[in-house]
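*Asks:* With these hints in hand, go ahead and build the complete structure from the sequences.
Going left to right, the sequence shown walks through residues 1 to 758 as our numbering numbers them.
Read the hints as simulated data drawn from the structure, not as lab findings. It is possible that part of the hints are untrue.
Heads up, simulated DSSO-like pairs for lysine-lysine below, C-alpha to C-alpha not over 27 Å straight-line [what the hints assert, rightly or not]: (1) Lys757 x Lys202; (2) Lys502 x Lys554; (3) Lys445 x Lys268; (4) Lys202 x Lys268; (5) Lys757 x Lys195; (6) Lys231 x Lys202.
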Amino acid sequence: MKTITVYRSTMNDKSFPKRRLRNLRGFVNVALVLAGISFRLTVAAQTDTTQNAQLREVTVTAGQEGMAMSQLRGVENFGIYKGKKTEVVLLSEITANIATNNPRQVYGRVTGLNIWESDGAGLQLGIGGRGLSPNRTANFNTRQNGYDISADALGYPESYYTPPVEALDRIEIVRGAASLQYGTQFGGLLNFRFKRGPDDRKIAVTSRQTLGSWGFFGSFNSVGGTVLNNKLNYYGYFQYKRGDGYRPNSEFDYRCGYASADFQASEKLSLRLDLTRMDYLAQQPGGLTDKMFADDPRQSVRTRNWFQVDWNLAAVTLNYHFSEKTRLDVRNFGLLARRQSLRNLERINVADFGQNRTLIDGQFKNFGQETRLLHQYNLGTLPQTLLVGYRLYSGHSTARQGDGTNGSDADFRFVNPENLENSDYEFPNQNQAFFLENVFNLSSKWSLTPGLRYERIVTRSEGYYTQRVLDAAGNVIVQRKIPDSQERMRDFIIGGIGATFKPRETAELYANISQNYRAINFTDLRIVNPNFVVDSNLQDERGFTADLGIRGSKPGFFTYEVTAFYIAYNGKIGQVLRADQPPLYNDYRFRSNISDARNIGLEAFGEVNLLHFFSLKNPQTRLTLFVNAAVVDARYVNTDDASVRNKKVEMAPPLMLRSGLSFQNGAWRAAFQYAYIGKHFSDATNAERTATAVEGAIPAYGVADLSASYTWHWLTLEASCNNLFNTAYFTRRAESYPGPGIIPSDGRGVYVTLGLKF
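*Replies:* Take a look at the structure:
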């Protein structure tokens with residue numbers, strides 16, 4: 001197979017470099033291997049004459065409610081969610097700027113989320129819930145259609161790839177109690193469900209073209225349908241985005257494609273193949289100091305920073321119905337990916353003198369299989385549900401850091417590839433897990449759902465890092481390579497239990513408590529960064545999550561949920577401000593197991609159709625109001641370190657308030673949304689301000705968005721104004737990507753979309 005060379009378009013008279021799709025051959029091989037695994041599975045039908053409710057896959061839709069939020073059912077899509085807090089964003093019911101994946105609008109109804117805004121095009125998603133860090137959504141187990149999409153689920157669970165909202169049917173979120181089924185993360189599960197082709201048409205085409213501020217252009221085109229006597233459902237899309245960005249030196253060029261085929265081989269057996277490819281190149285303007293942000297938040301003092309991503313995913317899923325009561329699901333998935341960062345990592349208050357840039361090159365190859373068996377049985381006259389599962393995961397990642405060129409172009413080559421100046425590591429790892437949960441329906445109103453998960457995690461690192469000794473002027477006087485090899489093996493069991501009580505059909509009380517575990521990441525082991533130092537004795541985190549809540553709804557009128565939560569950490573990994581390294585004694589972030597921590601809070605969400613108050617029940621007309629509020633108190637406890645004792649946990653806003661008003665009248669739609677996020681801090685010492693701007697407070701801010709659309713037969717016209725009042729604010733202080741320093745959010749931007757369906 002020949003290597004394909006792709007030439008990038010030019011932007012602002014800067015030539016984007018040639019880029020080669022080197023992984024194409026490997027990507028196809030991954031798909032073939034995974035397909036072979038699934039077809040080799042031997043399945044046999046069994047006869048079961050016991051009468052009971054038929055197990056079936058349930059699709060959540062808005063139905064007559066017309067609300068944009070829902071919950072997962074107690075048992076759905078080979079998962080048990082009874083007694084857990086779950087949220088489902090129904091994207092067909094949202095009026096928003098989906099061409100840019102605007103997270104403020106898309107996730108505006110999801111409670112307790114802190115959202116990082118690193119770019120205005122939705123290239124990467126950064127969300128964290130309940131006081132957890134939003135950094136690349138790493139505290140969630142991130143999936144699409146039920147399988148992993150992050151770089152490495154164990155050692156580097158960061159998500160450089162975010163599925164386009166234009167291609168999604170819904171977004172599912174399960175909080176910390178998801179640890180028993182989906183991995184041990186404290187944040188829970190984030191799963192993107194793609195659209196399917198229509199069941200009643202052989203071909204349906206959607207085309208959406210968007211123009212926006214700062215040279216934004218987006219093109220989304222999809223095709224889907226059902227053929228072969230209704231046995232094969234297919235769906236695919238291609239998306240292209242480019243733009244100049246809100247600030248200088250912010251150009252980007254993005255491509256993403258996806259293809260899915262779902263084949264119903266028989267009444268009992270179905271097979272599904274998914275292929276995804278994404279790549280983008282983005283110039284990054286770097287961060288700002290506090291003074292620079294106050295003077296002009298649009299300025300940029302870094303012209304030589306670049307970031308490049310290639311992401312290839314393949315998955316084969318097998319579903320087999322042994323009987324009406326017993327089903328098998330086998331998910332095989334693989335990833336071939338690469339991310340490259342080329343930048344001046346010096347503190348933002350230090351001028352760029354044109355020295356060699358730092359190149360960090362990470363490559364990821366992983367394969368996994370997750371098998372689930374769902375069985376329904378009776379105890380007396382009451383139906384019960386058992387879920388058992390097995391997960392096998394193997395990953396191999398490399399991380400290389402050294403000097404790049406001293407130019408200003410996107411030249412992702414090491415100056416000395418055989419003798420890197422900083423570090424060169426391989427990270428092989430393996431994971432095996434067994435899990436089970438059972439729904440015990442004690443009566444028509446009460447249920448208990450206990451569960452267990454066994455984990456075996458083996459992580460290794462092999463390579464070297466370079467140690468440098470500086471003189472009083474900051475010059476290198478000693479430089480030596482230090483070989484480094486580590487291996488960590490863990491075997492442990494975590495457990496949890498949930499309970500529900502339904503006093504009536506329209507209300508439910510629930511409670512759960514589940515243990516959590518977080519293994520340290522590759523970046524916690526060895527990354528050379530003048531703004532950032534990692535403790536060499538860093539340990540894994542352990543803890544638990546507990547929920548107590550009530551939820552309910554009246555179809556077409558209102559829906560609500562109120563949840564109290566508690567997250568406990570033993571040896572929480574955090575960042576403190578230090579300045580103890582000679583000879584310059586500059587400020588830097590030190591990442592370590594700071595102390596124990598606890599996050600306690602209250603989340604509340606409500607949405608109501610206001611027209612019901614006036615006895616106006618025309619299904620074509622709706623005026624809905626939603627309010628989403630969360631109060632969080634996250635603090636470090638049980639420590640003798642006075643610098644962090646009882647201090648607030650970093651990246652944990654004490655108040656998050658979002659509210660919106662939506663109107664629909666036939667073909668017309670409009671939505672206004674406002675978000676307020678309280679003041680919080682970027683490090684565990686709660687520093688207000690530093691010269692480097694890496695540490696400091698993130699001031700409270702409020703931002704509003706307005707969107708509208710009109711549909712006429714096969715034509716849709718949409719318009720959005722992001723940051724309606726042109727508020728100057730920022731959501732993060734970065735120690736590295738895409739900074740370092742303050743990362744300003746975009747100002748007011750206007751976007752117009754023309755959509756066609758036929």
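*Asks:* Are the hints correct? Go through all of them and say.
*Replies:* Status of each hint after checking the structure:
1. Lys757 x Lys202: holds, 14 Å
2. Lys502 x Lys554: holds, 14 Å
3. Lys445 x Lys268: Distance ~33 Å between lysine 445 and lysine 268 Cα, so the pair is violated.
4. Lys202 x Lys268: holds, 23 Å
5. Lys757 x Lys195: holds, 15 Å
6. Lys231 x Lys202: holds, 11 Å
Figure legend: structure checked against the earlier numbered hints; the only hint not met is number 3.
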